[in-house]
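Protein chains: 4
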Amino acid sequence: MTTIAFIGLGIMGSPMAINLVKAGHTVSGYNRSPEKARPLADAGGRAAESVADAVTGAEIVALMVPDSPDVQHVLTGDDGVFAHAAPGTLVIDFSTIRPDVTRDLAAEAAGRGLRYLDAPVSGGEAGARNAALSIMVGGEPADFAAARPVFDALGRTVIHVGPSGAGQTVKAANQLVVAATIEALAEAVVFLRAYGVDLEAALDVLGGGLAGSAVLAQKRANLLGHSFEPGFRIALHDKDMGIVTSAAREAGVVLPVGALVAQLVASANASGDGALDHSALLRVVERLSGSDRP
Amino acid sequence: MTTIAFIGLGIMGSPMAINLVKAGHTVSGYNRSPEKARPLADAGGRAAESVADAVTGAEIVALMVPDSPDVQHVLTGDDGVFAHAAPGTLVIDFSTIRPDVTRDLAAEAAGRGLRYLDAPVSGGEAGARNAALSIMVGGEPADFAAARPVFDALGRTVIHVGPSGAGQTVKAANQLVVAATIEALAEAVVFLRAYGVDLEAALDVLGGGLAGSAVLAQKRANLLGHSFEPGFRIALHDKDMGIVTSAAREAGVVLPVGALVAQLVASANASGDGALDHSALLRVVERLSGSDRP
Amino acid sequence: MTTIAFIGLGIMGSPMAINLVKAGHTVSGYNRSPEKARPLADAGGRAAESVADAVTGAEIVALMVPDSPDVQHVLTGDDGVFAHAAPGTLVIDFSTIRPDVTRDLAAEAAGRGLRYLDAPVSGGEAGARNAALSIMVGGEPADFAAARPVFDALGRTVIHVGPSGAGQTVKAANQLVVAATIEALAEAVVFLRAYGVDLEAALDVLGGGLAGSAVLAQKRANLLGHSFEPGFRIALHDKDMGIVTSAAREAGVVLPVGALVAQLVASANASGDGALDHSALLRVVERLSGSDRP
Amino acid sequence: MTTIAFIGLGIMGSPMAINLVKAGHTVSGYNRSPEKARPLADAGGRAAESVADAVTGAEIVALMVPDSPDVQHVLTGDDGVFAHAAPGTLVIDFSTIRPDVTRDLAAEAAGRGLRYLDAPVSGGEAGARNAALSIMVGGEPADFAAARPVFDALGRTVIHVGPSGAGQTVKAANQLVVAATIEALAEAVVFLRAYGVDLEAALDVLGGGLAGSAVLAQKRANLLGHSFEPGFRIALHDKDMGIVTSAAREAGVVLPVGALVAQLVASANASGDGALDHSALLRVVERLSGSDRP
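Protein chains in written order, with the numbering used here: chain A, 141 to 434; chain B, 141 to 434; chain C, 141 to 434; chain D, 141 to 434.
Hint data in this document are derived by calculation from the structure and do not stem from the laboratory.
Note that the structure is predicted; figures quoted are calculated from it, not measured.
For glycine and all other residues, C-beta sits at the position ideal for the given N, C-alpha and C.
Which bits of chain A does chain D cover? Going by a derived footprint, with three or more residues having C-beta under 8 Å, they are:
hint	region
1	379–386
2	389–402
3	405–412
Can you make the complete structure from the sequences, with help from the hints?
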């Protein structure tokens, strides 16, 4: 079993760290707001006092924080991982951040004798709790192999997709597809409702054919019940769409629907729905159509 | 068992008519180009000489033709169904056409003592061959119940979604979702390829999480192999997106992504890819990005 | 001077008919709501009792009504123009309607020995009052020449753009460009306001360079003052964008921005702003951005 | 008269520097490729050997370079402006770059006792040659007043739009409006051509009404003649649209049409048209519509 530091114990990080404890690993967790470390401590982990405290003695340092600057701060800050991790430590960044930032950090890690994997996840809070995440990993094959037991304790679909940064690229593509699928379903729902169709029956048909998707299966209740407890928050998906569009620009790739969906997610966020589940894109379409829920 | 006239024996209609024969029904099929009736005849059906010939003696008249004007012509023409069907005959239109045209034709049918269901399908050629279609039905519940054995011989998901026209409305919503999902995946593929990610692995991850969809499962080989034999043709999906956008306009519903995707499907059609599978939306994204397949 | 029947005395038609009186023509005006004929009568025209009454004795029959079905009704109805106009009468349709409907009506007119020009206008209520409209005319050159004195009493830019229907096509293109320009300016205004820039100074710069436009010059006060008295109503522009998108679809032309702008105009309409000036597209952008006017 | 260093003597910078000479100023110009300094030298300016050489003794340092990193390099590099400019020197950055980078550089300049204006321009090569640029200036009013003689030698519309960065913000808004206007006209042209309308007459009408714009006046010949010599290059407009979309994201502003137009400009660039005038957006619309120029 492995000694693991886990930095970032939020809605995703906390259940992930707990699943690592359950799998038999020794886990020291750190979170800026210390009360968020309590569930981990209750589950048998240790609440560390600082990043340095968590990292000391760890063979693997896992991160799950919101955005690129957070990862940069946790890794390169004075009290950061790079300053305190022993040579040879394997850093696994589960956060979803910009692929170019990932590549820079991986290079800096290598320069300090550390190993680095980017391993963003998909599957939301439910996936984190149920150890059913999809994990898309970029980095050296040997490091991937070494991290395999950790990944297997957290996810169901664990795939090495390429060199450093590739995990983030695949995650970006994932978020593009997810947002577009939610938006398409939201538009379909508003359309069907306007025509007075039996919406439950209609979604049954859609779900049984080529229009079927994991989004439809998992977000159906949200769309039908107009209930948007996260799940995965609009504010985070908005951040991710910023990654998608800037990464596409860097690569000279044209994403007309991706760019438009990014604007609609930004609209959800700007309209004050940032804390709702991303299925609340439905509310953007409803506002555009001047329709409120009956 | 039932005596059925089947008008329109194309890529979809022919295997559907054959499945009705296999289910024990007596089927007279008619197609404008008579050679398309041969597979039905070989399977034990009868190749009719005309719509009138097919319709005479039929308890159920099924249609599967390309567009609104075709349905209008087959039903209301001088040699049409309405002119030759016996009172009480149940007309089932499997074609995908405009909901408002459907409602008008259903009203006219009622005026002539005929019964009418709109029953557009989803699932493509494979679904038609394997009797695995999704069928979304609009019309009277009693007529739906009467047609149930026919539907069950053709599809796996058969759902009554509302009154006359509702089937078409749901089909329009289905086509919106399918096109948007294909487009999103096409954008993801071009994005991932630009970053040199392992594309097969990446699609495995996407397919295993919230980005998973029937489109990804069924069109994956097309996208990876850049092979676009239909399946479901761009030209037909273009027609369907015209139905979606005009029906949305009629209902005062705003579909930003639907409208944009409609333009991209129109672009595929305008660029000469009308006869390819709708997964050829990938080629639109590639042209926009100035990338050809390696 | 000419005897003219003028059907449709609304916000546009009334000042146009009055300008024809001022130019010395004999004008009989008809409007469904008879009180709308009063300004014309006060200006020296005649308020007719019916279409037939207006048309009888007229050398030219002018129409200015809202939409395709209105034109069809006024022309082909039992009390309509075609039923009462003397052979050789020149029908001039100033309405903005679908090019295909125009071509059908022109053909029907020709079959009855009537002449027909489509002559949609641009310039709004101010242009109508000040005889400063742009008029885009489709039809026979000889008919255009004959109608020239009428056009010159109404507009400043009067151009024959092609055969029957061409006027409507150019008007559709005009409405596409105008809506897109308003939308782009609306987005610029919300963007500039978010950055706390001196908005008046900023619009001065934009107006002085390549971003300058008639829209900016004429709608600047609306955008700055957030005052949206029409001008040209959103509901009419929404109708026009429906013409643009369906005409583009018919011609196999792909208009990504046109299609998206059409959705945004539809959103303005669906949100209850149909009676406001089309510069109220600003309110759609504000809603999307979650910003109200300070 | 003033002693001016001018860094960046490209398609825009060279005629601007020459106009400063013509206005009686003493100008030392520097360009990385030294042969580009020849026209300035021929016109009576001095070709400097290095940034340091140009800056030494200058009261004003003007920059006109392509992008944010270029400005950063010229200002903050070892051989850069900040290292060699005397305290009190006024730096005027005519480049179009990110507003946030501008604000950072202005702060750094202030820390070194330098004054700083951002003064991006609009009007293209022709505007630069004819001293007819629009100049949008951000910074201290006193610095703006001091720079006035320089601005007046270069532009016709010179406006102080706010504090540091405001010039860049207004320029971003300008580029958004210009690109959207070009795209709308390009779509209109393809639409009109598909209908066989007299295109010159049609553009006359559009130009005479609410669809009229500086873009239509100045780019009409490009659109009609399908000739795309710059003018203002697609590659630069693509860079600018990246600034627009990222600045909008930073401010939480939703720009649906801006985002889509950015993708279309990116498509022009990705398709190999980066060196053409931005009116070559027409070619994107033509490719989408499968139409080549007749």
